[in-house]
Amino acid sequence: KQEVTQIPAALSVPEGENLVLNCSFTDSAIYNLQWFRQDPGKGLTSLLLIQSSQREQTSGRLNASLDKSSGRSTLYIAASQPGDSATYLCAVRPQGGSEKLVFGKGTKLTVNP
Amino acid sequence: DAGVIQSPRHEVTEMGQEVTLRCKPISGHNSLFWYRQTMMRGLELLIYFNNNVPIDDSGMPEDRFSAKMPNASFSTLKIQPSEPRDSAVYFCASTPTGTGGSNSPLHFGNGTRLTVT
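Line by line, the protein sequences give chains A and B. Mapping of the first sequence onto the numbering used here: position 51 corresponds to residue 51, and the numbering continues sequentially without gaps. Mapping of the second sequence onto the numbering used here: position 102 corresponds to residue 102, and the numbering continues sequentially without gaps.
Derived from the structure by calculation, the hints contain no laboratory data. There could be a bad hint or two in this list.
[As the list claims (entries may be wrong)] Under the rule of at most 20 Å between Cα atoms (straight-line distance), these lysine to any residue pairs were calculated in the SDA-like manner:
#, chain 1, residue 1, chain 2, residue 2
1, B, K68, B, I26
2, A, K1, A, G96
3, B, K68, B, T117
4, B, K78, B, G28
5, A, K68, A, P14
6, A, K42, B, L46
7, A, K100, B, T97
8, A, K105, B, V89
9, B, K78, B, P54
10, A, K108, B, P54
11, B, K68, B, G42
12, A, K100, B, V89
13, A, K105, A, T26
14, A, K42, B, G3
15, A, K42, B, P105
16, A, K100, B, V12
17, A, K1, B, N52
18, B, K24, B, D63
19, B, K24, B, G3
20, A, K1, B, V89
21, A, K42, B, T115
22, A, K42, B, G16
23, A, K105, B, G42
24, A, K42, B, N103
25, A, K68, B, K24
26, A, K100, B, P81
27, A, K100, B, R9
28, A, K100, B, S58
29, A, K100, B, P8
30, A, K108, B, A88
31, A, K42, B, K24
32, A, K108, A, P14
33, A, K105, B, E14
34, B, K24, A, S46
35, A, K100, B, T76
36, A, K100, B, S66
37, A, K105, B, L46
38, A, K1, B, M60
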């Protein structure tokens, strides 16, 4: 059974700092991995999707990497801003045709001005 | 596009009452998902549909839960009778994929916060 873990559960950093959020998964047979952002009282917004054949994806100040063999992904946020404060979740989609995503519990990020 | 639309945003009901949550997916998206989010368990998939057909309902906790998708633009999740432990945020999400899959991201609605007293 696929399990997704995100450590730490919460992170507080000063504005301007570069930071890395971690995601690990137990079964490397994945179709893709997605990073989402969730603001309080809102749904999830997809940030980046990495296909199983890819190593990384970039969008603006965000860079996500994938190491399938070791079961790890990282989300790198450059020059963090208070507006980046949110909960970040990763989710993996298994191989085999199922569209069922397995989510981690997220890392709550606070960027202090 | 207006995104995935869920209603109501908040629902407070008494134990034993029937609750119906509604979802309108993004037009053209043929896969629809119902998730439940709690502090303890995080996000859990309850059921998903592809082309209006339920594909995987293994996450539906009990027979008290049922979901329907009568057409491509509407789905409901019903709880009857509701219990306090059903209190959670229920999310609907959609994506333009079919069985066999593609690499399209999942789009979420803003959720329905359900409180059962």
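Cross-check of the supplied hints:
| no. | hint | verdict |
| --- | --- | --- |
| 1 | B/K68 x B/I26 | holds, 17 Å |
| 2 | A/K1 x A/G96 | holds, 14 Å |
| 3 | B/K68 x B/T117 | violated, 25 Å |
| 4 | B/K78 x B/G28 | violated, 24 Å |
| 5 | A/K68 x A/P14 | violated, 31 Å |
| 6 | A/K42 x B/L46 | holds, 19 Å |
| 7 | A/K100 x B/T97 | holds, 12 Å |
| 8 | A/K105 x B/V89 | holds, 14 Å |
| 9 | B/K78 x B/P54 | holds, 15 Å |
| 10 | A/K108 x B/P54 | violated, 33 Å |
| 11 | B/K68 x B/G42 | violated, 24 Å |
| 12 | A/K100 x B/V89 | holds, 19 Å |
| 13 | A/K105 x A/T26 | holds, 15 Å |
| 14 | A/K42 x B/G3 | holds, 13 Å |
| 15 | A/K42 x B/P105 | holds, 17 Å |
| 16 | A/K100 x B/V12 | violated, 29 Å |
| 17 | A/K1 x B/N52 | violated, 27 Å |
| 18 | B/K24 x B/D63 | violated, 24 Å |
| 19 | B/K24 x B/G3 | holds, 9 Å |
| 20 | A/K1 x B/V89 | violated, 24 Å |
| 21 | A/K42 x B/T115 | holds, 17 Å |
| 22 | A/K42 x B/G16 | violated, 28 Å |
| 23 | A/K105 x B/G42 | holds, 5 Å |
| 24 | A/K42 x B/N103 | violated, 24 Å |
| 25 | A/K68 x B/K24 | violated, 35 Å |
| 26 | A/K100 x B/P81 | violated, 27 Å |
| 27 | A/K100 x B/R9 | violated, 24 Å |
| 28 | A/K100 x B/S58 | holds, 11 Å |
| 29 | A/K100 x B/P8 | violated, 25 Å |
| 30 | A/K108 x B/A88 | holds, 19 Å |
| 31 | A/K42 x B/K24 | holds, 16 Å |
| 32 | A/K108 x A/P14 | holds, 14 Å |
| 33 | A/K105 x B/E14 | violated, 29 Å |
| 34 | B/K24 x A/S46 | holds, 18 Å |
| 35 | A/K100 x B/T76 | holds, 19 Å |
| 36 | A/K100 x B/S66 | holds, 18 Å |
| 37 | A/K105 x B/L46 | holds, 16 Å |
| 38 | A/K1 x B/M60 | holds, 17 Å |
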